[in-house]
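Enquirer: Now for the letters of each chain:
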Amino acid sequence: MASSTHDKTPAYYVPESSRLPIAMAFTLFLLAWGGAGVLQNVSGIQQNSSGVWILSVGLVMFAATLTVWFTKAAREHMAGLNSEQLQESYRQCMKWFIVSEAMFFAAFFGGLFYVRAFELPWMAGEGAKAATGMLYEGFEYTWPLLTNPVPEAVPGPQEAMHWTIPLINTTLLITSSVTLTFAHHALRKEHRASLKNWLLATIVLAVVFLGFQAYEYYEAYAHLGLTLDSGIYGSTFFILTGFHGVHVIMGTIILIALYFRVLKGHFTGPDHFGFEAGAWYWHFVDVIWILLFFVVYIF
Amino acid sequence: MLKRLRPFSLLAVVFTALMVASSGALAGWELNMRQGVTEISQEIYSLHMLMLYIVCIIGVLVFGVMFWAMFKYRKSKGAKPATWHENTRLEVLWTVIPLVILIGMAVPATVTLAKIYDTPDADITVKVNGYQWRWEYTYLADTPEEEVSFFSSLATPRFEIRGEAPRSEFYLLDVDNPLVIPANTPVKFLITANDVIHSWWVPDFGIKKDAVPGIINESHATVLEPGTYRGMCAELCGRDHAYMPIVVEVLEPEEFEQWLAEQRGDVAAAEQDDSVALTSAGQVRSFIQ
Amino acid sequence: MTAIPHDDHAHHGPATGLWRWVVTTNHKDIGAMYLWFSFAMFLLGGAFAMVIRAELFQPGFSLVEPEFFNQMTTMHGLIMVFGAVMPAFVGLANYMIPLMIGAPDMALPRLNNLSFWILPFAFLILVSTLFMAGGGPNFGWTFYAPLSTTYGPPSTVFFILAMHIMGASSIMGAINIIVTIWNMRAPGMTWMKMPLFVWTWLITAFLLIMVMPVLAGLITMMLLDITAQTSFFNAAGGGSPLLFQHLFWFFGHPEVYIMILPAFGIISAIIPAFARKPLFGYASMVYATAAIAILSFFVWAHHMFTVGMPFAAQLFFMISTMIIAVPTGVKVFNWVATMIGGSMTFEVPMLFAIAFVVLFTIGGFSGLMLAIAPVDYQYHDTYFVVAHFHYVLVPGAVFSIMAGVYYWLPKWTGHMFHEGLAKVHFWMSFIGVNVAFFPQHFLGLAGMPRRIPDYPLQFANFNMISSMGAFLFGLSQLLFMFIVIKCVMGGKKAEAKPWEGAEGLEWDLPSPLPYHTFETPPKIK
Ligand code: HEA
Ligand code: HEA
Ligand code: CUA
Ligand SMILES: [Cu+2]
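Protein chains in written order, with the UniProt record's numbering: chain A, 1 to 299; chain B, 1 to 289; chain C, 1 to 525.
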């Protein structure tokens, strides 16, 4: 069985035993445990003073473990340990990961669809369960929903979010996808300088996007009364844009990491899985935004 | 070996027989669904029996063939293994036949379902509101003054539950104020809840409808026979989920009218001396502290 | 390759001591850990079930307060589903799939170890909620809002985050399995040569990737409803408790097939082995599995027939659900046809497999009855449903796992298990499971709701019988533990292929398995 095939085909690389997984599992434990404690505390469900410490340790460990893990993976790759087959595994893995991310967003899109297509019309006394309207005297279904079914219990926002900033943001993200594609092409052709510039441009666009997004949130809270607790419009608005935003932040971090790897001379024209994966992720985030832009801001 | 396998088929046959022989004559050994006292509940019952017979027949056939094979093709009896492993005709057959059977089931089911959804014009509309852990019944009327509303809570005393006294016949199935409706009259129920999801279930009416906070579900019943019918909350609603039974008293229409009038009088009286908050009947009792 | 340190890694044996298990990247180690973990959770979830059955032994408060009873029901469901059955199948996948397709290991071994080690932590959090102020989750394994949000205990936040990391583990595990199957097959192991266990797991992993994120999204909404006063499930703000149920069951229904498709794969390996005849209708088995998986996305609302849906929706979900009987039937018929013309012996794995076919089918039949919307008005949320799903889950999923364990145990340990004891285990389990769960059909039909700690007197007799069956079944699982441990410690030496009719690459390898296998791809006939 163990007959050596060393100098012929490179064997599939099965890494030696590793402390990274257990470190990461323990980190996730800390994040979950500490995170739950913090949430209990800040939302006043229960006094919990240890959560914040556990969470902090968790976050530090998370950053550290992730960095070490990816560095190690990159090293292995650069050392040529990764056969073509293993690289294919990485690629497929990334694709399925993106599918799972898409389904995560699908839950939120589905929720938005459900309340708008069924729930709110019923509450306004229309459709299959029109009797429900009895409970909400005078409630009318409009979207964005400014007057909630029971406004005494859950006051609605004063104003809906306007679409101008988001339109700018859409342009920014689409442009960033284009610049990233240019960077990718440059990488394939080994034009390192052009690669660096396009990648940097992408990062700048991403950061500007985040800036606008932060401004929009500020506006929502400060002037529009559009908050998490302002009813279903606010809930769906923040969960969709918020989780998208989180993904943009993660994407930006990935892009920055890629940028530093490029500076260090990583990646070659034919061989740059790390870059490719980052690019896929970024395009995915972009596609989600476009969907979101129409569903959240326009219709 | 065979001796050991026989319990399989025996069990199957015995259980099938038990389920089919569904008299329920012995209290406490009830085996089957109730037929109930509305047209719909009776139709549901026949659908249930239809399904049961079909799956029992399929079961007997499939398991029968399997046990025959286990008997016949045993190594200990010197069976030599064949090598065939495909037969398109057979495979098509056992795809199509179940499909046909399913259609045979779906058609009557659809008819009954349509009937359930076809709400008759009802003179009486009762709003059923679920609370943790009791029901509130409101007889809707044109004016709020004519509306009758009361709570219905478990009446089984605590010491029976704790086992400190013998348990009565309707242990956990008794309420202080039953819902009262007329027989042979369509009654519409508007079902909702105040806190968490409950489910209003009267098996004899063939009604089980979730009481969802913030949403009103409709249901209806035309009860064929006067009597007392009992059910239980059928959606986990917290600590005392087991302790919010439903009791419906079905009266002859005239008796019902009389009862309703009395209740209205009571409400009016109660409003005059405005010391009773809800109704004469509205004793609110939270069950286990 | 020469410049790389550790390039001869693959020829080292495992690290030594307990640490080996913590840092391992070997699929067999990880598979074994999944299986042990799963068994521990089965005992724990089973112990909770024993509390339930003891309380229900007779009417009245006999043992526990309703509040605690609800926690037991909830934890029992959650632990059995997410802690016992799913990890057991993942463990079998880890152990067997690389062997079955001639791969040296899983596609991403470190990720694999991470997927496993998340689980003990996730369940540590989950179980510890029982000891927190206000108790653990008490709202059923379906945790419907608003009982779990506005009215949930303070520990709900911990429950949610535990589910989050558990879900992350499932998704990573599923990705790993898909990629392993897709990319690591030995040359010549074409799609239609793959053993059915591999096929069923490929499809199961796909289901997991599609629905676990939806669960994650759902519990995220819950978390926000609880901590940030959003209105997803609050009608006053325009949300809806029904939205919760739609999202939950969009996950939940495929989830129950996640717990049965790998079982189909195991049974499809065992029956041909002991009938000494190739599996009948291999191709149709593959298509049927795919059909079940695809259909499973369109049937979710059969759990919601009583919530009040429009007529057209009821009809749609009723009919789509019923159609699943067709591909499932194909499977059952194929198994029976495999037996016909064979040369059968009835070793323990085969006994479990045959019991599976019969009892799973009975569970399927009651499932079909539940699918009939108008009749479900009477069945819903009664013990009829409890009987249904325990028939498909206990003598279904759990029996298939036991069948698989007995089937592969000689391969894993290099020893034969004690056949006589194992037969006792089988018969005790078989009788116990039927005595425990068959009477629950009657209880349900007679009108006993589920999730109640106390019941009217007419339900007393069958509840007592059911409890006694449950105790018998529970006790017999201790015997199972004994048999397995005994087999690990020693026993008659197992040959490379202890079962005469067994087929597949794993049997070409020696028993017990060497630490590393298929470092060079095997030749596929
Ligand atoms: C492994 C898990 C598993 C499996 C495989 C199934 C399989 C099926 N289930 Fe089940 N189900 C659950 C686990 C499972 N279920 C659980 C856990 C719940 C409860 C959740 C909760 O509320 O807590 C549940 C609840 C549940 C309900 C909701 C009940 C209610 O709450 O009111 C329904 C309703 O339609 C249903 C239907 C079905 C059907 C039609 C199948 C079909 O797939 C079955 C198909 C199989 C057969 C039919 C047998 C073999 C076929 C033949 C021999 C062919 C010929 C037959 C005919 C043509 C009749 N199930
Ligand atoms: C794969 C899933 C799975 C498995 C294997 C089981 C196994 C068992 N289940 Fe469970 N069950 C569910 C999934 C499962 N269940 C789900 C999803 C629910 C719904 C929850 C909800 O409503 O939210 C449920 C609900 C449920 C109920 C209904 C509770 C209620 O509505 O209030 C009952 C009641 O009898 C029950 C019983 C049992 C029993 C007796 C076993 C037995 O098979 C268990 C046997 C195992 C052991 C007993 C462990 C081994 C032995 C020991 C640890 C030693 C101790 C032994 C003794 C003291 C004898 N289960
Ligand atoms: Cu109300 Cu259960
Ligand atoms: Cu289902």
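To be clear, the hints were calculated from the coordinates, so they are not data collected in a lab.
As the structure is a prediction and not an experimental result, all values here were calculated from the model.
Just so it is clear, CB atoms sit at the ideal spot from N, CA and C, and this is done for glycine as well.
There could be a bad hint or two in this list.
What the hints assert, rightly or not - 30 Å max Cα-Cα, derived DSBU-like pairs, lysine-lysine:
#	chain 1	residue 1	chain 2	residue 2
1	B	K72	C	K523
2	C	K492	A	K95
3	C	K497	B	K72
4	C	K423	B	K188
5	B	K75	C	K493
6	C	K193	C	K486
7	C	K493	B	K188
8	C	K492	B	K77
9	B	K80	C	K486
10	A	K95	A	K72
11	C	K525	C	K493
12	B	K127	C	K497
13	C	K423	B	K80
14	C	K497	B	K75
15	C	K193	B	K188
16	B	K75	C	K492
17	B	K77	C	K523
18	B	K127	C	K423
19	C	K493	B	K77
20	A	K72	A	K196
21	B	K75	C	K525
22	B	K115	C	K492
23	C	K497	B	K80
Said to hold, decoys possible - Take a look, some chain B residues computed to stay more than 10 Å from chain C by CB distance:
#	residue
24	V65
25	E91
26	K127
27	P157
28	V196
29	G214
Enquirer: Look at each hint and say if it fits the structure.
Expert: How the hints compare with the structure:
1. K72(B) to K523(C): Distance ~37 Å between K72(B) and K523(C) Cα, so the pair is violated.
2. K492(C) to K95(A): violated (47 Å)
3. K497(C) to K72(B): holds (26 Å)
4. K423(C) to K188(B): Answer violated: K423(C) to K188(B) is near 57 Å, above 30 Å.
5. K75(B) to K493(C): holds (24 Å)
6. K193(C) to K486(C): Violated, at roughly 35 Å.
7. K493(C) to K188(B): The given pair, whose Cα atoms are some 72 Å apart, is violated under the 30 Å limit.
8. K492(C) to K77(B): holds (27 Å)
9. K80(B) to K486(C): Violated, because 35 Å separates the two Cα atoms, which is more than 30 Å.
10. K95(A) to K72(A): Cα-Cα ~21 Å, so holds.
11. K525(C) to K493(C): Holds - the C-alpha atoms of K493(C) and K525(C) are around 28 Å apart, at most 30 Å.
12. K127(B) to K497(C): Judged against 30 Å, a Cα distance of about 69 Å means the pair is violated.
13. K423(C) to K80(B): Holds - the C-alpha atoms of K80(B) and K423(C) are around 25 Å apart, at most 30 Å.
14. K497(C) to K75(B): Answer holds: K497(C) to K75(B) is near 18 Å, not above 30 Å.
15. K193(C) to K188(B): violated (60 Å)
16. K75(B) to K492(C): holds (23 Å)
17. K77(B) to K523(C): violated (36 Å)
18. K127(B) to K423(C): Between K127(B) and K423(C) the Cα gap is close to 58 Å, so the pair fails against 30 Å, i.e. violated.
19. K493(C) to K77(B): holds (28 Å)
20. K72(A) to K196(A): Holds, at about 23 Å.
21. K75(B) to K525(C): Cα-Cα ~27 Å, so holds.
22. K115(B) to K492(C): Since the Cα atoms of K115(B) and K492(C) sit roughly 66 Å apart, the hinted pair is violated (cutoff 30 Å).
23. K497(C) to K80(B): holds (20 Å)
24. V65: violated (6 Å)
25. E91: violated (5 Å)
26. K127: It holds; K127(B) is separated from chain C by about 15 Å at its closest Cβ, greater than 10 Å.
27. P157: holds (12 Å)
28. V196: It is violated; V196(B) is separated from chain C by about 4 Å at its closest Cβ, not greater than 10 Å.
29. G214: The claim is violated: G214(B) sits with its nearest Cβ about 2 Å from chain C, within 10 Å.
The structure fails hints 1, 2, 4, 6, 7, 9, 12, 15, 17, 18, 22, 24, 25, 28 and 29 (numbered hints given earlier, in ascending order).
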